[in-house]
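Each protein sequence line maps, in turn, to chains U and Z. Its first residue numbered 1, the first sequence is counted upward by one per residue in our numbering. Its first residue numbered 1001, the second sequence is counted upward by one per residue in our numbering.
You may find that some hints are simply not true.
Below are the DSS-like pairs computed for lysine-lysine, each with C-alpha atoms no more than 30 Å apart in a straight line [as the list claims (entries may be wrong)]:
#1 U/Lys21 <-> Z/Lys1529
#2 Z/Lys1055 <-> Z/Lys1115
#3 Z/Lys1464 <-> Z/Lys1491
#4 Z/Lys1132 <-> Z/Lys1115
#5 U/Lys56 <-> U/Lys21
#6 U/Lys216 <-> Z/Lys1115
Quick caveat, the hints were computed from the structure, so don't treat them as lab data.
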Amino acid sequence: MKRDDHQQELFFLADNSYENKDYATSEQYYHQLIEADPSEYSYHSGISFALRLQGKLDEAVVSIDQAISLNPQNANLYWMRAAAMKSFACQQPDMSIQERREVFRQSIPYEQTSLSLDPTNEEAWLDLIESRICILGFHNAIGDLGRSNRYIQRLRLIWAFLGSLAFVLAGMETDPELEAIFFEPGASFNAWCLIELERLLKDLGQENFDPLRLQKAKNYMDHFIEHKTRGGLLLRLI
Amino acid sequence: MKTLSIDFGSANSLAAYRDEKGTVTLIRHDGQSLSNSDTKHLPSFIAFHSDGSVKCIGQEAKSLAATHPKKVIWGFKRLLGLPYTYLQERGELERFTYDILPDWRDGQCRCLVGKNYTPVELVSMILQKLKKDAEEQIGVPFDSVALTSPAYFDSSRNSRLKEAARMAGFSHILILAEPVAAAIARNIAIDSSRQITLTCDIGAGTLDISLGVIYYSDEREVKYETLINTGNTSCGGIDIDYHISRFILKKLGMEETPSDFRGELLKLAEEAKMDLSREEKVCRTVQIGGIKKSIVITRQDLAHMCEELLFSFRSQLLAALDQANYLPGQIDTLILIGGPVILPMFRDLLADIFSGNTRVLQQLEAFYRENEQGMVNRMTATAIGGAMYHKYVSDRCPFGYGFEEIILRDEEIEYKPEILIPMNSVYPHPGGALLVRYSNGMGLYEFKLIKQIPLTGGASSEYKFVSILKFAVRNALFANIVCEMSMNENKELVVRIRNLSRSDETVEYIGADIDPCSEITVQYPIHAKRPKNIQDKSVEILPPEEATLIGFSEWVVNTLMLSVISSAKENKKPIDRVEPVMKEVLAESKRQPVRYQQLFNQAGCLLHNSYSLGMLHPETKYTLECDLNEWQDQLFTVTVK
Chain U
1 MKRDDHQQEL
11 FFLADNSYEN
21 KDYATSEQYY
31 HQLIEADPSE
41 YSYHSGISFA
51 LRLQGKLDEA
61 VVSIDQAISL
71 NPQNANLYWM
81 RAAAMKSFAC
91 QQPDMSIQER
101 REVFRQSIPY
111 EQTSLSLDPT
121 NEEAWLDLIE
131 SRICILGFHN
141 AIGDLGRSNR
151 YIQRLRLIWA
161 FLGSLAFVLA
171 GMETDPELEA
181 IFFEPGASFN
191 AWCLIELERL
201 LKDLGQENFD
211 PLRLQKAKNY
221 MDHFIEHKTR
231 GGLLLRLI
Chain Z
1001 MKTLSIDFGS
1011 ANSLAAYRDE
1021 KGTVTLIRHD
1031 GQSLSNSDTK
1041 HLPSFIAFHS
1051 DGSVKCIGQE
1061 AKSLAATHPK
1071 KVIWGFKRLL
1081 GLPYTYLQER
1091 GELERFTYDI
1101 LPDWRDGQCR
1111 CLVGKNYTPV
1121 ELVSMILQKL
1131 KKDAEEQIGV
1141 PFDSVALTSP
1151 AYFDSSRNSR
1161 LKEAARMAGF
1171 SHILILAEPV
1181 AAAIARNIAI
1191 DSSRQITLTC
1201 DIGAGTLDIS
1211 LGVIYYSDER
1221 EVKYETLINT
1231 GNTSCGGIDI
1241 DYHISRFILK
1251 KLGMEETPSD
1261 FRGELLKLAE
1271 EAKMDLSREE
1281 KVCRTVQIGG
1291 IKKSIVITRQ
1301 DLAHMCEELL
1311 FSFRSQLLAA
1321 LDQANYLPGQ
1331 IDTLILIGGP
1341 VILPMFRDLL
1351 ADIFSGNTRV
1361 LQQLEAFYRE
1371 NEQGMVNRMT
1381 ATAIGGAMYH
1391 KYVSDRCPFG
1401 YGFEEIILRD
1411 EEIEYKPEIL
1421 IPMNSVYPHP
1431 GGALLVRYSN
1441 GMGLYEFKLI
1451 KQIPLTGGAS
1461 SEYKFVSILK
1471 FAVRNALFAN
1481 IVCEMSMNEN
1491 KELVVRIRNL
1501 SRSDETVEYI
1511 GADIDPCSEI
1521 TVQYPIHAKR
1531 PKNIQDKSVE
1541 ILPPEEATLI
1551 GFSEWVVNTL
1561 MLSVISSAKE
1571 NKKPIDRVEP
1581 VMKEVLAESK
1591 RQPVRYQQLF
1601 NQAGCLLHNS
1611 YSLGMLHPET
1621 KYTLECDLNE
1631 WQDQLFTVTV
1641 K
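Same shape as in the complex, but just chain Z:
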């Protein structure tokens, strides 16, 4: 099994591979050179044709972004796993040049480019491209991936990242926090002591600051615990480019950028920014229309024009430390990620903030020294760290998972935990199943997901109520419900609830423990008064009399179907669709009486579908519906022992 490491970014992505000898290779794309010292990033840009099909991915798509803003998609990492309403209410959607709509299935976003694409699908396209390029370069198939994710990604967003990786064709997925990956790549010693780590990620569009703790846990895994996540969505490389372009315009004596020059000016600004990371000053000859001028930009100019941005960076950083009750002198490790961090103005600012912290100052010095040379730098550290991570991976789940089981007694109801995946189970774990031993007259079942957490010392454990999973059945009397729980190889908790009596009543949750409703500790067992609508399985379902069954079948054929057929003049679509099933069920229900339930459901569907298509007069429909209700009373009867 070969593992590819991927650092998927808002603007650029990078893949790396570590062979058996420990040599790390960066994956190149679309004609990039073989040398490890040159850039190997794949711009996370996708261009689409008008019909919504993919035109190109990477550098070519990026070059089209300025001229085709509605057809080139990028920056969708910000949308991943977040609700549409959350993004909309915070004004984040206004930053995007393409149309974004809500998805009624999960409340997240869909990007509109001729076709609708979810952020997960878009991420999977980038991952697929990285996988394909890696397979071509290394010459082996990759079915396993170590994906780095920002420190501010919660379990819900990480789960979306896993979904995208699965869609891209990876079957084994490991998610690794970027600070951990960067710490590994930079050979920062990680042991059981808790290192206070500050991560500053200045990306293309955003600034993210994360304060957390890195340590090697009892479960033999490198852990990153977030203390504070903060950030600014208008403090990234793009904003610096914007300030430089305004500076150039000012030097040219212009107020506004001519629209046909906008793309070129931004490109010029980006180049100047990159040069200023290496040189004290840059000189550019700029020509717009009839004006041609040589413009000199110094590092001092850059710091001056980005004064507001630097102030914002400083405030965010100090606020994060303050909120977590830490002083700059207490930070053990400083990790810098992203392209713009190389600019000397950020180095000077950080050196000022951490002036009393020799540990961090040494790290800062080493960071800027190493970025000038070698393969591990601010842009590659996370991907390389991901490639080196596998030696730390634990194969055991530290927690146990199960459901709250209900035991019915005469007057009371008892709740107790039923653990299906024990603590310290090896991934993947087949888990177990829980057969529901009661029936709910309402047809609505609720299953409480319970997490078993070891207490310090490992001698005992406690239970936490994590989430509630609801399941509804159409026919409460004929439901046989089973809850299955397992842990897959990607360390995701999989819960499947099925009604054994109906194959179409099934629901599956992958990553069921993410997005928890609560983490309340529950003391078991719990005793409560028994609710009236919950019956144990001593309720006996009485099959209908044979005469009732025959009568119902005859009503279906002679009344219902005839009414529909006689009303249908041209549009026979619902009958065409339902008739063969009906006939099959009718034939079988004589041999196998239990199928009358299916026949009943089909009859209901036929009635409502015919009516919705205007094939039945409301009065006819009302009469037939009353008849059907009467049949329901006769067909479905129960007795309580």
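Isolated chain U (complex conformation):
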């Protein structure tokens, strides 16, 4: 829909505050926008970003739900919903691993819906595979790895690592063809993913998990970090 001039100005201000990392002000502008036009989904998704980055994750989830109800064909909204749920679970110090795992399990249908609408979203595929690993569904993680194969190009290295991790934790032989992707000179990685993986392995370590398999997975992690030296350095600095 076409925005009027006042909304256009508010939207610019909200966006500008967001860019300047002033999320509280951005939230205020988005509130005004929603009051002006509650049927515009992008205002609800915009406020959810501002809320999420202020740590108001439960409110962020409500906003995304409103955005989804207004535009159910938008793939990104479902992905954002899952991401907000997972961030919420990870940032609750009192939440047990089992409770956190339950949130990850609930995030899977949102990730699947997002991918059914837009299967080209590489990061959504990685999130789905990660969710599968988190809830110990290693076979399903490998299954989704295969489904995503034709869409993954840019984050191939992290994808191969997640796949190898799932193989190891499932107690299966890792495929050399999958491991070979680690050594492709052009394979790029995402430092943020490394941080997430570190957390994932830490969580798995708190379970009564086969220590041999876990150690092998940790070796993979070290090997992966060392392989991409800069990534390793970045991770250590953080």
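Put chain Z on the given structure of chain U with help from the hints.
Chain Z alone, transformed into the frame defined by chain U:
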């Protein structure tokens, strides 16, 4: 070119051949009689040795299924073309007695029997056996096949079926929907009017109901358009056998089947079921341990014990009609497929549902009358229909296919369709190629596959965005990318994307239009602001100075290779593998400077492989990697005109 028709089923498969005179012959297997009236089915069972090699296929394998459940594979048609996660989340994998794992390459299933086999490979084994038996019986080679596929198979699953047929040695493959094949075999008149067709396929393990429309299309081809597909995975012949076996046990006064009698009891139940399709009642003398008793089972008993199953069948059927907004009286054609449909309890149920529809009631009566005699019956109709189908085949593709082409201007970017396969092209079509005229600084390219669809009347057309194909190159500056598109003789769209600068950077999609991301209509041309990372080919790649090239070659030999060799005490595997290539590239790069790119890539591989095998200290590796990064900056430079 001889065409074999194959009805590949979950439990049984059948092949048929139609000669020049129009006579249809059913293919026999492993000692079956020549008479066309006897059964000619090949059980779709494969038995394996412990090492994973094939032991036998067909009846012999089926007889081993009860005693070797982990080594005899069947029912894999249900796995074909479906993602592992989809099957797992719906609990379908629990039905299988053998191990099933996910395949990391495509997310589908692999069956574990000593070795890993994909469902496509397993289907190809059955098809190969049918082909071999047909060639032995008819005495001519078959390179063409008409394969019937269930109405619920989508294009993705049909493509897997084609892949299996290709693997089995067929070079020309035609996929035909089972309702169409059955309609042809039963001489149901097909014309341009749209016939509402209800197909009930009660197989060994499942019930599938499909409501669709059959018509003879403008493209001179018989079309089947699905309106609703529904089914029940626990409503098949096996479930009926299970109910009969429970009935027998009850009559014997037993609660549980003794494990050594389980196979025999199921066999007895299956025989009783088949006899009850012909007779009002059957009498069997059963002996288990010390108990021996004569048991009588009537058709009424059967209907009573299958009450729940019949209720489920009725609900599914009515729900399918309801969802598609049809009443039983509006159905033009009823098609019944599968062994159990012959049981009178299904006839009575269908007669009740369609009581006001005289057309369907006549078809039902004819179906049960003809099943008692003649070659075309519920088990053979699809294979025979497939053999008779060729007269309807169209040799033209009604749609056009191409890519969305990008034209770069100073400030904006224009998107327009580039059709490489025009509408109404004759199969196979050589297609065309699109040379990418821009470079992407990220090394990642996306190609949008466009389908051109004729609008009613044929005067104009519209474009639909079907799928997105991604392609990544290692070195964005040295990439020359070409997209080729063609249509093969199996009516599959083949797309190949290649980097002309690197022979190993190639990707090929057969059936690229299947499994579409979307079918959104696109209005061309589209104008947008030009993204920063997309450059046109006016970017000039500057070759390195000769001194840089010599310096890099010397670094490779004197620093990198020496470091690796001195660190390698026993394990020289990566060097043994890379050294000859390196030397060859080094020698050639002096004569032909463009090969420094390959030398650079090889150096990277050597460094990472040596490190991964523990041959390099992390600090040494880090220093060498920093050096290599510096060389990269010096070797690969560009200028923008």
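> Regarding the pair U/Lys56 and U/Lys21, is the alpha-carbon distance no greater than 30 Å?
Replying inline: 15 Å, holds
> Going straight from one Cα to the other, do Z/Lys1055 and Z/Lys1115 come out at no more than 30 Å?
Replying inline: The given pair, whose Cα atoms are some 13 Å apart, holds under the 30 Å limit.
> When you check the alpha-carbon spacing of Z/Lys1132 and Z/Lys1115, does it fall within 30 Å?
Replying inline: 24 Å, holds
> Taken at face value, is the distance from the CA of Z/Lys1529 to the CA of U/Lys21 at most 30 Å?
Replying inline: 26 Å, holds
>> Need the status of pair Z/Lys1464, Z/Lys1491: alpha-carbon distance at most 30 Å?
In response: Distance ~19 Å between Z/Lys1464 and Z/Lys1491 Cα, so the pair holds.
> Keeping to a limit of 30 Å between CA atoms, is the pair of U/Lys216 and Z/Lys1115 held or broken?
Replying inline: 25 Å, holds
Figure legend: structure checked against the earlier numbered hints; every hint is met.
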